[in-house]
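4 protein chains.
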Amino acid sequence: MTLSDRARLLISCPDRPGIVAAVSQCLFDQGANIVHSDQHTTDPEGGVFFMRIEFDLPELDNRGTELERAFEPVASRFRMDWRLAYAARVKPLAIFVSKEDHCLLELLWRWRAGDMAADIAMVVSNHPDLRELVEAYGIPFHHIAVTRERLDQAETAQLQLVDGKVDVIVLARYMRILSPSFISRFPNRIINIHHSFLPAFAGADPYAQAYSRGVKLIGATAHYATDALDAGPIIGQDVERVDHRHNVEDLKRIGRHVERMVLARAVAWHLEDKVLVHGNKTVVFA
Amino acid sequence: MTLSDRARLLISCPDRPGIVAAVSQCLFDQGANIVHSDQHTTDPEGGVFFMRIEFDLPELDNRGTELERAFEPVASRFRMDWRLAYAARVKPLAIFVSKEDHCLLELLWRWRAGDMAADIAMVVSNHPDLRELVEAYGIPFHHIAVTRERLDQAETAQLQLVDGKVDVIVLARYMRILSPSFISRFPNRIINIHHSFLPAFAGADPYAQAYSRGVKLIGATAHYATDALDAGPIIGQDVERVDHRHNVEDLKRIGRHVERMVLARAVAWHLEDKVLVHGNKTVVFA
Amino acid sequence: MTLSDRARLLISCPDRPGIVAAVSQCLFDQGANIVHSDQHTTDPEGGVFFMRIEFDLPELDNRGTELERAFEPVASRFRMDWRLAYAARVKPLAIFVSKEDHCLLELLWRWRAGDMAADIAMVVSNHPDLRELVEAYGIPFHHIAVTRERLDQAETAQLQLVDGKVDVIVLARYMRILSPSFISRFPNRIINIHHSFLPAFAGADPYAQAYSRGVKLIGATAHYATDALDAGPIIGQDVERVDHRHNVEDLKRIGRHVERMVLARAVAWHLEDKVLVHGNKTVVFA
Amino acid sequence: MTLSDRARLLISCPDRPGIVAAVSQCLFDQGANIVHSDQHTTDPEGGVFFMRIEFDLPELDNRGTELERAFEPVASRFRMDWRLAYAARVKPLAIFVSKEDHCLLELLWRWRAGDMAADIAMVVSNHPDLRELVEAYGIPFHHIAVTRERLDQAETAQLQLVDGKVDVIVLARYMRILSPSFISRFPNRIINIHHSFLPAFAGADPYAQAYSRGVKLIGATAHYATDALDAGPIIGQDVERVDHRHNVEDLKRIGRHVERMVLARAVAWHLEDKVLVHGNKTVVFA
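Residue numbers (UniProt numbering), protein chains in the order written: chain A, 1 to 286; chain B, 1 to 286; chain C, 1 to 286; chain D, 1 to 286.
Please keep in mind that the hints were generated in silico from the structure rather than gathered at the bench. Any given hint could be a false lead.
Unchecked claim - Below, in silico cross-link-like pairs of lysine to aspartate or glutamate (DMTMM-like), each with a Cα-Cα straight-line distance of 25 Å or less:
no., chain 1, residue 1, chain 2, residue 2
1, A, Lys252, D, Glu149
2, A, Lys281, A, Asp227
3, D, Lys91, A, Asp227
4, B, Lys252, C, Glu272
5, C, Lys91, C, Asp43
6, C, Lys281, D, Glu54
7, C, Lys252, A, Glu240
8, A, Lys99, D, Asp115
9, B, Lys91, B, Glu135
10, B, Lys91, C, Glu272
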């Protein structure tokens, strides 16, 4: 078997008996061999059922359409939201950055190391600073200045770049807000990273607040961008231990490390179709 | 649905297409509703396939035998190792201890808190010290002295206590070796805990060795007991950070904390039928 | 050297050159041998200086007063807040609980294991439920009902029990609020534990909120109680990983495990005089 | 105060009363202000005492020699091993690599981000592969082929490059053995990284062994290189959780992530003079 024969079937639907039987019978009839399978139900009675099946099908390239057609009746019978993702069709991805490069570099490094199955189509930035770094990786870099007055204009330019050309947008410390209208074009396909603390700190300079509060853990949350600023479905979180010896700069430095790890992991999960969204939360079949 | 309607089907067999379809169809035909399902294959071509399906079946108590009978042809067709575990049939368990009580107490506490679905049938010890503590929990305590000369005699007495009466034996810092013949009576049903370090230290007083080597992590491994001392299939592992300020006593104290956590977690997984053994390794559907 | 010869000198004062020299010279003149020493300054210029020195002094019992007298001029010269803590004078401690026993049991277990240098003088509860458990450890249990109407009366009774008799109060899941006046009697000597999430959830049933938000980490924070509910100086924090498979009950169970670990660690640090408070934050020389 | 006024005094000597007093008095007399101070004794009676003092001294550049002269009598009185490290004198460092770039890239990235206070003087490799990557950072790259037959010759060439020019050598996945004679030129100044498991696996392809053993944790250890292959003083260790879903390639990928983190952290500690070596173990004042 080769990568070109591998696909992932993603399903969510109202839970009721018989789903797994119907899905797996259909795949079997088509000659598919299940490699991994994960499922989850929020409640066996009246809940929502989620499934991710990774399978191999010889000559998938030719037979995918047939498979999809064969699956239609099953999907419709169980009122499924579903999609088939071909492992060999690596997702085109745009990275949005501002000036900080730590998240960008982690993504580029993993991408070049073969740890991240994406086609990084472009990097878009509201600053010109990281052009050289990005172009050294052979990736197109687009500088689109974003001013408060000309937000619309900037978004139009950004949209022109990404529309129809990328499947996922990663906000790798992109420090501008995207409009609801922009976000709505990429539902659950824009991944953002932001710092997180216990407890949370609202308002300006959260690291300074965390410092004055003497927190013992510095964290980061990767989530899908939604209209609700930083409150979209959480994909992944992690923390790092800190203590009184760390000053605000140290907290920021440690925060950068947590951010790049959490973001890179979340992006990899998304690219491997391991994240299903349900309302405002995720099911991550990691 | 109630707990009495819930069961878990555990399967391992040579991997080939059609297993999931056949299994899930059979369960569906019987009226079962799948609640959780995990599967794993060591290799889609020629590997071993593992599956754990948790399902609800109304009136399971009456209909379990019928279900098992219906499943037989499927199992035989795919040459399955399989068993059906009824969630309501809580496993009877014996805890073997010596003098140290930290693992024992963690198990008793989780058991009383309802975090551990076992019926602790007895505690067996080669020392009388922990009798009072155990009996305060309303659990029978058996003191069986174990001397090097009378190992056989002691094991005979132990076997008399547990044989046919318990399903699982937890060695909660039981400091005597069990004979291969005793262990062979409970294949993959005796759970042991031992300290672990990076690197490993063979020989006496490993904590003193770890101290002189200046290790920065103290760990513990829970595993199934086999003839090969401390080398059976690993169920779970964890570590705790230490530094130069910790003396040998501190390392032992921290080691005790790691041990009780790792052991309790491993026992819970076993009791919930989440651990499948494959050669000398485990698949843990945690 | 024996434990009876060991003491800890805790200092905080405005930072300026010469403090360490003066302190260590004074200890040396008295015949003390420094065993551990930690110091921290918030800012070498104009900041606050913190120091914890653990030392051995032969016949400390007889010579402690002399040492304190000799130290007075040094303390006054540098305008120090300071105190001398004798390792052998184990701190009397009261545990306040309600119905949940997980934090209480962890403390009792560590105390009996010799991992926690306290004299647990009493357990005070607003419910009678845990009496038997506590008394089995040979510890006095006091049930003081607390009603919203008779809060004052209850606190008077509590105060009568603890005043002058305990040095530290641990709120081990004590579900009643203490009045500012009660708290002010034990400044930085009441230790509380509460759940913590990324992000934080205000209002009722935070675990249910965390569940609907799909958080991936469950945490707990141990802190000193102050007037500001749950916002006192943080002593310690930790988290445990969770995922979509965990329901609200699972989150609570995991939360309990984190809580008892974080609280027990914080209490141990406090008892070993490792926590210094500075405004609303702590310096923990762990 | 500026960085140019900051220094670190590193001391180890037989423990006895009066050391801290003498050292801090001497620093005070010279006008130094202590910023951080850590100390550790292996045993207050007859043990070894370790100290790291970070201090500011105005015009350190001019007054350092005077300070060192003033400290001589103190050092000699207590038979100290000691050295003074100037924070502004960033240590020149050589990175040795083979073909794998993950550790190298992490170091380069932290160095450029200002998170690692080193002067990376050169990268030396037994393969030409990473030349372009290194030179893009403006760092000289030297390819010195190393064959089994010509090991001496290669080491002579390597020595010519580094001798007198670098203070620290980091083996960032350098897959050749260095001779005892080479290592003895840089005692406790060559930092190596290697994979670590619980339990340890001797012999070839440890990741494959770890896979067949079903380990649940993958780790890495950073240590000083000594004659005893991979058994020098441990500086830092960490682990990452794995499970049955990870194949050998996954374990290696995860191992790479742990390795780069552990190595980068150890190198940073070394560069900030936070690591003191004592026999075959370290005291890390992190």
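A quick look at each hint next to the structure:
no.: 1; hint: Lys252(A) / Glu149(D); verdict: violated, 49 Å
no.: 2; hint: Lys281(A) / Asp227(A); verdict: holds, 15 Å
no.: 3; hint: Lys91(D) / Asp227(A); verdict: violated, 49 Å
no.: 4; hint: Lys252(B) / Glu272(C); verdict: holds, 19 Å
no.: 5; hint: Lys91(C) / Asp43(C); verdict: violated, 32 Å
no.: 6; hint: Lys281(C) / Glu54(D); verdict: holds, 23 Å
no.: 7; hint: Lys252(C) / Glu240(A); verdict: holds, 23 Å
no.: 8; hint: Lys99(A) / Asp115(D); verdict: holds, 17 Å
no.: 9; hint: Lys91(B) / Glu135(B); verdict: holds, 20 Å
no.: 10; hint: Lys91(B) / Glu272(C); verdict: violated, 43 Å
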